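Enquirer: What follows is the residue order along each chain.
There are 4 protein chains.
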Amino acid sequence: MITTTHLDVGQQPSGELARVPVITVEGHPGGPTVYLQANIHGAEIQGNAVLERLLALCRANRPRGRLILVPMANPIGINQKSGEFTLGRFDPISGDNWNRQYHFDNADLDDFCQSHLSSDDATLCAAFRQRLKAQLARRLASPWGLKTGQLLALRLQQMTVDADVVLDLHTGPISARHLYVPDYARANAHRFNIPLNIVMPSDFGGALDEAAFSPWWQLSQRLAALGRELPMPVDAFTLELGSQEKLDVNQAERDAAGIARYLESQGCWPEGTHKVAPEPQYACALANYRALYSPCAGQIEYLAPLGEPVPAGTPVARIWHYERLGQDGPLYTEVTVPTDAIPVLHFASANVQEGTELYKFLTHTEAL
Amino acid sequence: MITTTHLDVGQQPSGELARVPVITVEGHPGGPTVYLQANIHGAEIQGNAVLERLLALCRANRPRGRLILVPMANPIGINQKSGEFTLGRFDPISGDNWNRQYHFDNADLDDFCQSHLSSDDATLCAAFRQRLKAQLARRLASPWGLKTGQLLALRLQQMTVDADVVLDLHTGPISARHLYVPDYARANAHRFNIPLNIVMPSDFGGALDEAAFSPWWQLSQRLAALGRELPMPVDAFTLELGSQEKLDVNQAERDAAGIARYLESQGCWPEGTHKVAPEPQYACALANYRALYSPCAGQIEYLAPLGEPVPAGTPVARIWHYERLGQDGPLYTEVTVPTDAIPVLHFASANVQEGTELYKFLTHTEAL
Amino acid sequence: MITTTHLDVGQQPSGELARVPVITVEGHPGGPTVYLQANIHGAEIQGNAVLERLLALCRANRPRGRLILVPMANPIGINQKSGEFTLGRFDPISGDNWNRQYHFDNADLDDFCQSHLSSDDATLCAAFRQRLKAQLARRLASPWGLKTGQLLALRLQQMTVDADVVLDLHTGPISARHLYVPDYARANAHRFNIPLNIVMPSDFGGALDEAAFSPWWQLSQRLAALGRELPMPVDAFTLELGSQEKLDVNQAERDAAGIARYLESQGCWPEGTHKVAPEPQYACALANYRALYSPCAGQIEYLAPLGEPVPAGTPVARIWHYERLGQDGPLYTEVTVPTDAIPVLHFASANVQEGTELYKFLTHTEAL
Amino acid sequence: MITTTHLDVGQQPSGELARVPVITVEGHPGGPTVYLQANIHGAEIQGNAVLERLLALCRANRPRGRLILVPMANPIGINQKSGEFTLGRFDPISGDNWNRQYHFDNADLDDFCQSHLSSDDATLCAAFRQRLKAQLARRLASPWGLKTGQLLALRLQQMTVDADVVLDLHTGPISARHLYVPDYARANAHRFNIPLNIVMPSDFGGALDEAAFSPWWQLSQRLAALGRELPMPVDAFTLELGSQEKLDVNQAERDAAGIARYLESQGCWPEGTHKVAPEPQYACALANYRALYSPCAGQIEYLAPLGEPVPAGTPVARIWHYERLGQDGPLYTEVTVPTDAIPVLHFASANVQEGTELYKFLTHTEAL
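Chains as they are written, first to last, in my numbering: chain A, 1 to 368; chain B, 1001 to 1368; chain C, 2001 to 2368; chain D, 3001 to 3368.
Next comes chain A alone, as it looks inside the complex (with noise of 0.2 Å):
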């Protein structure tokens, strides 16, 4: 029911490969098919453990369907120390953001729609991924290669073209847990238990939670112009399970019963299998997501509880100077919320530059 394979997402300068465990949990017959990845950013390994949570799960209670999950996504940015942390949000040569690197080209969309158009959905929908696939595969062939980046990522996809459901397991810096949500897949998000949410537009961005549901969306709209309807066929998030470089195996299993639960919405589990303890939740539009630079450099407190609405107004942190320590003047910079906001995540340091992106915020929010 459970087995373990390998796939090589890139070779290193000493040779070794660099490979990603898949474990696939075959499960009755009649479910969705789940990809779940963790760990694409080397600091972000809250994920892993919730991976292992939702196994124990699965080893637990026998789901339908198939789930395939992929823990330690990315050996190179597990592996990239820089002091005592991870610099493993991004490709140490290039700079290139890791979740930036996935495929994604519909210029032939119109074309596709035109010749399916009187395709029943399960034959549309087997084109559509046959196609994607075909686009993974010329791109992976390119005699001009790839980048590094780009080959971990589409490697990845590819185990994505066939799947119904996609989580990408992330975490923030000092960062209270939150979800991307598409804004097709409102429905059935607040299952996943996690307090604060980002309705996200589905448009491409990079990421791969869009990488696996733009194409579904952009396909779904051509054919309504075209006075089709097609259901979503494919739902994706991003869940942000905590701070990075942090390991809390209490709360993963918390979380892997959040994604069960909502994975019960997707015929994974009859409903009500799983319990949590609900927590409130926000929401608020991806445009109202908003991230505050420091206006200034120097040695920084943070006061705001994370996930604690505040007052537009009310000082977030205070930026100390020491620098001028024993000169006339202020000695720190006050720094306040523009308006009414939750925080939802902090930097990660106590030592700014002018312009670092110091909270996070939800703005302007809305029940989920």
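Because the hints were derived from the structure by calculation, they are not lab data.
Predicted, not measured: the structure shown is a model, and the values here were computed from it.
We put the beta carbon where it would ideally sit given N, CA and C, even for glycine.
Please note that a few of the clues may not be correct.
[As the list claims (entries may be wrong)] One-sided excerpt, in silico: chain A residues whose CB lies under 10 Å from chain C: (1) 22; (2) 42; (3) 51; (4) 112; (5) 230; (6) 323; (7) 324; (8) 326.
[Stated by the list, open to error] Each pair of labels, with its calculated beta carbon distance range: (9) C:2303 with A:144: 48 to 54 Å; (10) A:143 with B:1280: 50 to 56 Å; (11) C:2006 with B:1280: 52 to 58 Å; (12) A:105 with B:1276: 41 to 47 Å.
Model the placement of chains B, C and D on the given structure of chain A, informed by the hints.
Expert: Frame of chain A, contents of chains B, C and D only:
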């Protein structure tokens, strides 16, 4: 005639302000305003020497117009060492390329065109520059702040708004001299006397040259659609003047002469004031400027001399796999170029990953 | 009474001088000269807040003697970001620890002792300070120059030569507060009110505290061998005041009071001027201050609360091997402590290599 | 005759083992055991090519004795990229130089000498090797573990204990070929045909060559003091074979021949088997091998050709201060060499801090 001021471009955690020198050469009346910048990437220092030599040409022979010289444009990047080398290509915190964060926003272009359709060219251009300045000021005044790289980029960009010519001096990794030429500005590009030329479309991709010409290009296109012809008021080029981490004062003198020779065409000096020994010139379209990525990892011998045409199938690198020493089978992988090509640059290290950008090539070359 | 000057400690590639603030509190006559420095490692910012609070205590209650406060002592290290964190523990070019490059040279100690054997204590000490100054000046004037880290260290060290007390404020990675106590100076160490104490021999290992006391210790030993007793004229301590990358102004206030309470014993204030809530204190010899290195790589749960004694055999960490998920066999390695111990600090990341320093422990503890 | 095995030298956070290839050439009986290692610093790849060429010489002409070839000795360092370059000179976590962590402990030497004073040379040497092996095994079995760099170093070092000759292949930054020669082993050093030579005392400083010969040197000295002469049983050299980040297969062939020619003197081949075109050779004592540190920061032109003698006072670099462009006063600082000298290597970047090691020089040269 020559004055120096300083621009604060960011504050460092230690409290020190990162300051950029701004040298203004006030020439005879009647010439263009020319903005020249060097070293936005920390390791690309050769442009500073070119500006130094160009200033000497101005001293020897006072130009018409105004030249604004900005060497050492990115003190944050220049100071970012990692091992012996300078890690100044991207923000060490975010991975953002320092040359991809300039401002561009033409969302209100239709409105602008409609309201200035009856203005004369000078009035229209002055209004457009005013609009660009207002956009930059508005973004810099955001209550949410801006990213470190945007603060740097936009503060520099403010100095370019009044310029008729913008030249951004870069280098490649290990590189022959090459030039990015906007398609509309081909006519005078040969005057720089740079052997390898990439002809770009006129879209915005985040770099300074594009930020300088794209707003104007779109303006002229939109006006053309409305039946009005506006000659492009701004020229902008990115010059790649050799290899990073090198300083070659003699070559800088030659490239300063090439720049001066180009500026003759813009009215800074009488034609023929500056002489260069002409070099053969090749050009290709940006779409034909191709990167070759490494098909495997290893230790590499670069085989193709830069700047010299090679036919399709030529071995351009040998990638050794010394970890296989003593085993059967080939000890190296030979990499060939898929089409006829001219190698422009190669990677700076002999130690590569799978997917490292090994070379960039002109292909399908044409006359400049 | 309070004056601020600046010391240039190095020039950066951009041309900017790295400058360190030097705040001098000129107290009532008759007290010691005290030198306090913070933030020689770029991420260890808490000491700056302690100096700020100590300056407030001086303002509230003018001390006897002279206090020299040097916050932000290493602007080069403070500005060295790598990802979100501060890579300021070692020179990014050479890997040299910024706190291992101070000067020490007692090669001529025999000659010095012989020629000053008949001097009184004050004359002898003045001559010895003069000799230290001359050594530093000579090294700084070398025609071959000095390394970046030596330039920084020696320029700071010049300010310590006249001090009777030298306090160097650091932090650990994730760390309980702890103190390095030279063996000869145990008597007053408890006054800092720091719970965990490491009693050091009096040799030179490169750090500032050692550079401050070792010359004098060897002098007193050599004189003792010649039949003369010289009370140690200099005390020096390294205080580790919590975790790097954190700023805790409340804790800083408490630690400033502890320092002031220690300085009472040196004559800066009358006994009992400053109050602290006493904490239990443990001590061990440096040889019993043990690092525990990771027996394998993986993603780690730290299990042992810092500062609390644990018996031999206690599991202190669980190292997960998520790359083995879905395979048979144990998914984690449990790490136990080999002896009875008190955990002082642990590594700052949950992502470790084989051989990463996981923890440091006091073992064989005794009364301070 | 040629066999390959692998040595695990460390586990990476991703779970992958860092493995080092070990190629053993079993030659005709009667010759020495020779251990050759390359690439302990990640960017110093040229030694791998030299080992490859040396293996070809062994295939062409079977040696006497046993050669153990260890290319790619530090996979962790080889994979550590930062920007384009390889940051493999020191552990990215701790800053520890990978070539300063070998084991040396002669504390029990007196006891050893006393108990083996009457043994014959072969017995004594075997016992000493046994003692070294036991020391290494004991340290590697410590219940407290060992640091990443020590694990790597000691695991490699275990392979050297039985060797009669240890050769460690390095490169400089931008460098002429040079050789570290232990004083006692000068007689045959010229056979390597390396132009620049540094004659070292026989102390331990942490590097592999010292770790290989220092225990034996101290043994022979101690025995001499007890009236017994023991010819040095081990030779060890560090070869610096050009510049980092470069691969020059032709030069590798010449240096492999030089090594083979040296090994003729140790009995691996008959005298005269391998030919080299002799190069002029210079030598100086380690104390006269001088680094020149930059007196200021800036952008640098290196003026002195490597390997060619220059008289005292020669300008060897011009450090430009482009941030002063347009201002009065000199735009560069000229750096001169304080004594007659031969430049051996210079810094790899044109962008330097105050205190950057600009050059290293042989001074007070003598015949090798």
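Enquirer: Failing hints, ascending?
Expert: 4, 5 and 10
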